[in-house]
Amino acid sequence: MADDRRMGLTKEDLKEMYRLMLLARRLDERQWQLNRMGQAPFAIGCRGHEGAQIGISWALKPGRDIVLPYYRDLGVVLRMGMTPKEVMLDFFAKAEGPSSGGRQMPSHYSHPQKGIVTQSSTVATQTLHAAGMAYAAQQLKEDRVFYTSIGEGSASQGEFHEALNWAGVYKLPVLFVVQNNQYAISVPASKQMAVDRVSVRAAGFGLAGVTVDGLKILDVYEAAKEAVERARRGEGATLLEVMVPRLTGHSTDDDPRTYMTQEEMEALKHRDPVGHFASFLKEQGVVGDDELAAIDQEVRKEVDQATDEAQKAADPRPEDLYTRLYATPIEL
Amino acid sequence: MAEKFYVDAVREAMAEEMARDERVVLLGEDVGKRGGVFRASVDLLDQFGERRVIDTPLAEASIAGVAIGMALHGLRPIAEMQFADFSFPGFNQVQSEAGRIHYRSNGGWKVPMVLRMPYGGGPGVHGALYHSQSVEAFYAHIPGLKVVAPAFPYDVKGLLKAAIRDDDPVVFLEHKKCYRAIKQEIPDGDYLVPIGPAEVRREGRHITLYAYGNMLHESLKAAEELSRQGIEATVVDVRTLKPLDKKTIVEAAKATGRVLVVYEDNLTYGAGAEIAAIIADEAFMHLDAPVRRLAGPDVPGIGYASVLEKEFTPDAAKIAAAARELAEF
Numbered sequence: 001m002a003d004d005r006r007m008g009l010t011k012e013d014l015k016e017m018y019r020l021m022l023l024a025r026r027l028d029e030r031q032w033q034l035n036r037m038g039q040a041p042f043a044i045g046c047r048g049h050e051g052a053q054i055g056i057s058w059a060l061k062p063g064r065d066i067v068l069p070y071y072r073d074l075g076v077v078l079r080m081g082m083t084p085k086e087v088m089l090d091f092f093a094k095a096e097g098p099s100s101g102g103r104q105m106p107s108h109y110s111h112p113q114k115g116i117v118t119q120s121s122t123v124a125t126q127t128l129h130a131a132g133m134a135y136a137a138q139q140l141k142e143d144r145v146f147y148t149s150i151g152e153g154s155a156s157q158g159e160f161h162e163a164l165n166w167a168g169v170y171k172l173p174v175l176f177v178v179q180n181n182q183y184a185i186s187v188p189a190s191k192q193m194a195v196d197r198v199s200v201r202a203a204g205f206g207l208a209g210v211t212v213d214g215l216k217i218l219d220v221y222e223a224a225k226e227a228v229e230r231a232r233r234g235e236g237a238t239l240l241e242v243m244v245p246r247l248t249g250h251s252t253d254d255d256p257r258t259y260m261t262q263e264e265m266e267a268l269k270h271r272d273p274v275g276h277f278a279s280f281l282k283e284q285g286v287v288g289d290d291e292l293a294a295i296d297q298e299v300r301k302e303v304d305q306a307t308d309e310a311q312k313a314a315d316p317r318p319e320d321l322y323t324r325l326y327a328t329p330i331e332l
Numbered sequence: 333m334a335e336k337f338y339v340d341a342v343r344e345a346m347a348e349e350m351a352r353d354e355r356v357v358l359l360g361e362d363v364g365k366r367g368g369v370f371r372a373s374v375d376l377l378d379q380f381g382e383r384r385v386i387d388t389p390l391a392e393a394s395i396a397g398v399a400i401g402m403a404l405h406g407l408r409p410i411a412e413m414q415f416a417d418f419s420f421p422g423f424n425q426v427q428s429e430a431g432r433i434h435y436r437s438n439g440g441w442k443v444p445m446v447l448r449m450p451y452g453g454g455p456g457v458h459g460a461l462y463h464s465q466s467v468e469a470f471y472a473h474i475p476g477l478k479v480v481a482p483a484f485p486y487d488v489k490g491l492l493k494a495a496i497r498d499d500d501p502v503v504f505l506e507h508k509k510c511y512r513a514i515k516q517e518i519p520d521g522d523y524l525v526p527i528g529p530a531e532v533r534r535e536g537r538h539i540t541l542y543a544y545g546n547m548l549h550e551s552l553k554a555a556e557e558l559s560r561q562g563i564e565a566t567v568v569d570v571r572t573l574k575p576l577d578k579k580t581i582v583e584a585a586k587a588t589g590r591v592l593v594v595y596e597d598n599l600t601y602g603a604g605a606e607i608a609a610i611i612a613d614e615a616f617m618h619l620d621a622p623v624r625r626l627a628g629p630d631v632p633g634i635g636y637a638s639v640l641e642k643e644f645t646p647d648a649a650k651i652a653a654a655a656r657e658l659a660e661f
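Protein chains in written order, with the working numbering: chain Z, 1 to 332; chain E, 333 to 661.
FYI, nobody ran anything at the bench for these hints, they're computed from the structure. Just so you know, not all the hints are guaranteed correct.
Cut-off 35 Å, straight-line C-alpha distance, at most; resulting in silico cross-link-like pairs (DSBU-like, lysine-lysine) [unchecked claim]:
1) Z:Lys-171 - Z:Lys-191
2) Z:Lys-225 - E:Lys-442
3) E:Lys-365 - Z:Lys-141
4) Z:Lys-225 - Z:Lys-114
5) E:Lys-515 - Z:Lys-171
6) E:Lys-442 - Z:Lys-114
7) Z:Lys-191 - Z:Lys-141
8) Z:Lys-301 - Z:Lys-15
9) Z:Lys-312 - E:Lys-365
Only part of the chain E face toward chain Z is listed, based on derived beta-carbon distances under 10 Å [as the list claims (entries may be wrong)]:
10) Arg-366
11) Ile-400
12) Met-402
13) Pro-421
14) Val-443
15) Pro-444
16) Asp-498
17) Thr-572
18) Lys-578
Covered by chain Z, according to a simulated footprint, are these stretches of chain E (three or more residues, beta-carbon under 8 Å) [what the hints assert, rightly or not]:
19) 403-416
20) 426-436
21) 467-479
22) 544-551
Glycine residues also receive a C-beta, built at the ideal position from the N, C-alpha and C atoms.
Between the sequences and the hints, there should be enough to build the whole structure, so can you do that?
Pasting the structure below:
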């Protein structure tokens with residue numbers, strides 16, 4: 001493949017994209033290991049999604065654009081500038097964890113300084129916040145794009161459809177992303193919807209809709225870039241669906257063997273975006289095996305260091321349960 | 333100073349705040365061209381334009397959720413639920429999101445929004461099961477929210493302005509029977525009534541009545557009648573339901589030793605149950621009679637027929653009867 005397959009990305013861009021998706025992968029693996037070792041109560045992963053997440057978020061401008069992610073978006077928040085240490089502080093529910101200071105479960109990301117908006121566990125609620133924030137940005141005459149994401153299961157929620165409707169009516173600068181991994185915990189996509197693709201729903205709201213293979217990272221990037229540019233031009237929102245594998249159970253509390261066949265699980269392993277992207281970069285002559293190994297070594301070191309530092313950080317104090325209930329406290 | 337209806341105080345507070353601060357926007361069903369089905373936002377569209385007075389799609393979850401997003405990004409939205417009864421599709425956004433965002437982000441984000449909703453009913457309203465509900469207990473149960481339920485136009489204006497300037501989500505409950513029944517002289521210009529403090533509306537030595545919204549007016553009428561019979565009642569206006577002004581509530585109970593908590597909502601698990609519990613807990617040694625509640629019965633709503641409306645709703649006569657019983661206890 002020639003340079004025109006690189007969408008104007010430099011070798012350095014491509015290497016950084018690879019590094020970020022690998023960092024997401026290794027952090028994810030570490031979290032699951034720590035859970036299995038009994039050192040953390042819960043992990044919920046990005047494994048299989050990280051390629052598409054980097055492809056999409058590479059089209060965003062960290063420091064300007066805002067993301068309203070969902071719990072699998074480790075790749076997206078790393079791209080926005082969250083550090084591995086911050087990710088692990090949240091994972092261990094430490095007091096200085098930026099997302100919630102130990103109040104929320106891990107992977108419920110929040111980082112106001114880095115444009116990452118807090119989310120709950122009731123799915124798809126954040127899509128309406130994205131619409132409201134985008135309306136506010138229009139009103140304040142800001143040039144910003146708002147990324148928000150959900151899984152294909154959450155695409156069944158009414159609030160998601162209401163958000164698409166608002167985005168259509170007001171041509172809001174939102175990038176709605178559905179990361180379709182075909183399973184909502186145990187329920188297959190065929191039981192969520194009667195259509196093959198969530199993106200077809202875009203037409204019903206006057207939005208652009210597109211589905212891309214989440215293994216083809218640069219195709220994902222291209223689609224996201226087009227959507228972001230459309231939003232910046234004031235032409236409104238896009239519903240971008242990426243087809244991705246879920247390479248683990250839903251979370252550390254799930255066992256996919258109770259609802260997936262062995263063959264199905266084996267087949268998914270051939271759809272690993274990190275491996276695919278490494279092969280692509282080699283084919284393109286961007287990196288060789290030595291450099292890939294060096295990147296991995298560097299990333300593993302970073303994950304080790306982040307884990308060590310985070311594990312040593314202070315836990316919340318009992319009295320922290322009571323703080324920051326109100327932004328304007330009332331004394332009576 | 334001019335005499336204004338309750339609903340005019342709502343409009344005036346919004347108009348003044350929108351003129352003062354261009355970040356304030358109003359969104360809801362029919363709030364624009366129609367000026368609200370209760371006419372609470374008449375002329376605001378002409379004054380502030382359709383980007384700030386937004387006729388929304390007919391979908392309450394999005395009214396609440398979009399308002400939250402606006403508040404997260406620098407605006408100060410006033411979201412109107414056309415009737416409190418219709419706020420429930422948006423309840424998830426209020427309970428899971430608005431009330432928790434500041435806390436769950438450890439102070440990282442805040443949600444300065446007001447959720448206005450006409451609630452309640454009673455004889456002559458004919459709102460039936462889905463245009464008369466009292467919803468305050470649902471919202472007052474949610475940590476992180478503030479809940480306000482004024483009875484007088486002066487408080488409506490001052491509290492609504494305070495709510496708009498507050499950095500937290502405030503549920504602002506407007507009793508629809510008061511809209512065009514309650515009139516009061518109110519100042520033309522800017523003033524605030526703080527969220528939180530309750531207000532003693534009348535002082536008497538025999539019994540203390542607690543109420544808010546339209547029941548406050550019924551309680552004041554009952555106090556007049558009781559006075560003619562030699563029973564002097566204190567009446568406490570619990571105009572903020574969250575957080576509750578425990579100090580005023582408890583002191584007023586201690587002063588008379590007999591208390592009746594009045595609310596229009598269904599009796600069981602109502603907001604008045606919390607007031608009663610606080611009194612039982614903190615004024616116990618001063619009580620001369622059981623803490624009693626008078627409220628709507630535990631049926632799904634105020635019936636449409638006049639007879640059913642009257643049967644459901646506590647009024648001055650029922651309040652006076654219950655108070656007399658307590659006074660004689």
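Tell me the hint numbers this structure goes against, listed in increasing order. Structure breaks hints 5, 7, 9, 10 and 22.
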